[in-house]
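Keeping their order, the protein sequence lines are chains L and X. Position in the first sequence (first residue = 1) + 342 = the working numbering. Position in the second sequence (first residue = 1) + 184 = the working numbering.
Treat the hints with care, as some may be off.
[As the list claims (entries may be wrong)] Pairs of lysine to aspartate or glutamate, EDC-like flavour, derived with a Cα cap of 20 Å:
1) 500(L) to 454(L)
2) 434(L) to 423(L)
3) 386(X) to 366(X)
4) 432(X) to 397(L)
5) 262(X) to 212(X)
6) 394(L) to 423(X)
7) 194(X) to 618(L)
8) 420(X) to 397(L)
9) 432(X) to 373(L)
10) 353(X) to 203(X)
[Unchecked claim] With beta-carbon atoms standing in for the labels, derived distance ranges:
11) 252(X) to 637(L): 25 to 35 Å
12) 637(L) to 192(X): 46 to 56 Å
13) 567(L) to 274(X): 30 to 40 Å
[To be verified] Covered, in the sense of this in silico footprint (three residues per stretch, anywhere, with C-beta under 8 Å from a C-beta of chain X), are these stretches of chain L:
14) 370-377
15) 447-453
I should point out that these hints are in silico values taken from the structure, not numbers from a laboratory. Idealized CB from N, CA, C, for every residue including glycine.
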Amino acid sequence: MEVSDLKVSFGGLSMSNPVMTASGTFGFGLEFAPYGDLSRLGGIVAKGISMKPREGNPMPRIAETPCGMLNAIGIQNPGVEAFVKQALPALKRQDVAVVANLYACDAEEFGELAGILSTEDGVAALEVNVSCPNVKEGGAAFGQDPAQIAKVTEAVKKRAGGKPVMLKLSPNVADIATCARAAVEGGADILSLINTLIGMGVDIRNRRPRLANVVGGLSGPAIKPVALRCVHQVCQAVDVPVIGIGGIASAEDALEFIMVGAHAVQVGTANFLRPDFAFTLAEDMAQLLTELCVERLEDFRGSLQLPL
Amino acid sequence: MALRNCRNVKVLDITPVGETQRPGEFFELRLERPDWDAWKPGQFVMIRPVDWPMDILWGRPFSICSGDSRSVTLFVQKVGRGTARLAELKKGDTVALWGPLGNSFAVEPDTPTLMLAGGIGIAPFRGYVEQHSHPENLKLFFAHRMPLGCYPHEGIAAVADVECMAEEKPEDLQAIIARMGELVNEYRDGLILCCGPTPFMKTAQRFALEAGARLYVSLENRMACGVGACLGCVCKDGEGHHVQVCTKGPIFRADNVEL
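Here chain X stands alone, though its shape is the one from the complex:
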């Protein structure tokens, strides 16, 4: 067993989730689990189907959404040409998978913990909730644009407190921001974790800094290698130094990162 490695694994299944105007926009990709020791919620993997021609060069990073002894589940939204081609995968196809990569979310079973998820940023929180020993201490605040059925939120709602807000019309955004501010204040002495679009995380960061709350954000910068070599995914840490999101992150303390 290895801490991390690169293996060819088979697609166990690929399942569309929910319905939007773009067919197959969201899907769950279940892959064979390589011979790893363990993975921690917040970590990610890189995948690249072995049959991909060179026109799409890089693998693509995805946080681990869920997993068991035999499988790893990723949650994917089609946004660009890479994810669009991943959507064409079939059961039995072979994918190069390297991971588990990066650091992981802080887990403090007895601390009241708020998870702030924006859209597809909900993915790592399913794994977080599954591995948490006291999910009654967890609350998820989930802001989304697509119908709820598009996201892996049901598994979370079954064991933790979940509050969802949809952004359907322009004024919804202000309501989401206001609610996020209230919740960050409420959890100022607890633990707050955030994953979502950059403006969403920036807002959380602003509230957390104002309230003196302990917030961790999970970044998802574009990356080529996932192993710390290409230096394409860097962000600036609290001292203004460039650090790799893939190896120093993807999770950073909100008071130690420039978003």
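Looking at chain L on its own, in the form it has when it is part of the complex:
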């Protein structure tokens, strides 16, 4: 199988392959241009943007953990205007789907952000961050309440001007399938999951938390089993396409998510292992599928055989 056979099209989003980079781990994309050809990626999800610039949380903001990391960045970003004026024009010249990631404090502001981005032809889709664990207002609060998820999705969908809307779901909930259904009721075209798991680290020598925010989001290979379980449950619960995220650090990891039903994947923390990581993943997936004698990605998707 060739990489060119990995073209995917779902929920109104078309990409040259199913490998995307996850929000907050790939900047606005151009930071990684020295390390690979951005057009080798299916899509780039830009780092979260809000209406106004945000300074983010105090330091320290990151901590390495076994097979993972904690972060509490707090959506530091230059605001939507800077994104549209500075990052987008350069990104548009790259042959890759650019997804904007939206962060706001209430449904109305989410709608406002969507409205601004809806007219930008360089934006292929909108990803709604209702699940950031690192900000005190909004963020995770939406992500844990199905009624709020539906409300926010509806507000974004209404102003999205026909662009596909994807909801990024939090794993920090009692039942992720309920949240997924709420997003679908609100009009989500695609679901992406999972965001980070809430975690914590402490230093017994100076008796301080490892993050100034005390708690933060755990990511990396350590969370892959949780992510896989969530994607599996959501794929069983709803009919809209799902993008799998969580600890993907190899072609095999990526295909595990496809096999439980995901249409595409997002690579996050693995971009920190080395900055050229994501560029070769699609080729590795194609090669691995060939080894598995799979001719079409669709045949492999959702092919997990469950015990009767």
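Position chain X relative to chain L; hints supplied.
Same frame as chain L, now just chain X:
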């Protein structure tokens, strides 16, 4: 040739330097040089051995200590689990190396230049001295806790004026601080560069602000990516905005950074 890139390179050699109570605490790691155009003193690289399992996730940043057309030399002190595992590298092992990253030290060949180095912070100054066209205008003030033989200071001493002070007993610290104050004053009309532990750089910053001296500090915050994406390494600039140490730094004007 590229401005910067990520390449798999081989370990050319790994050599222990000096002796302390912890065997192998300091070592020099010489790697194949990737196909870069050039590097400038003060820039750094990220390295992560390709065989590392996922239990240590991030690469590790090191300033470029020295280099020639075929190699890049890094100077490492074992302090945590990452550097401890790097110490296990063998000649011929493969390491992912990305760089050269960040900005570089100001170079003004004809300006009297004072380099303030604390401990392992001496590493970038070897490259600085090697690439400087008038090393007779350079002076290094080096404060250290471990024996001098643990640090790459000999190459510097061969061409530039070097003054070393060891911190062996508590009262040594006050003497080091006092001497640093004198030197900053002496170079108030020149150029001053500083790399070392944060308290060391804070002291230099205080003296420089008092004296109105031009000081640049090189930060070494913890970072995951080195390319400006993770936003884990930020510091506050003079206006209180968070900026990435990896891409906006690692070198900042002392009057434009909160340490």
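Status of each hint after checking the structure:
| no. | hint | in the structure |
| --- | --- | --- |
| 1 | 500(L) to 454(L) | holds, 10 Å |
| 2 | 434(L) to 423(L) | holds, 16 Å |
| 3 | 386(X) to 366(X) | holds, 16 Å |
| 4 | 432(X) to 397(L) | holds, 15 Å |
| 5 | 262(X) to 212(X) | holds, 11 Å |
| 6 | 394(L) to 423(X) | holds, 17 Å |
| 7 | 194(X) to 618(L) | holds, 18 Å |
| 8 | 420(X) to 397(L) | holds, 10 Å |
| 9 | 432(X) to 373(L) | holds, 12 Å |
| 10 | 353(X) to 203(X) | holds, 19 Å |
| 11 | 252(X) to 637(L): 25 to 35 Å | violated, 51 Å |
| 12 | 637(L) to 192(X): 46 to 56 Å | violated, 32 Å |
| 13 | 567(L) to 274(X): 30 to 40 Å | holds, 33 Å |
| 14 | 370-377 | holds (count 4) |
| 15 | 447-453 | violated (count 0) |
Checked against the numbered hints above, the structure breaks hints 11, 12 and 15 and satisfies the rest.
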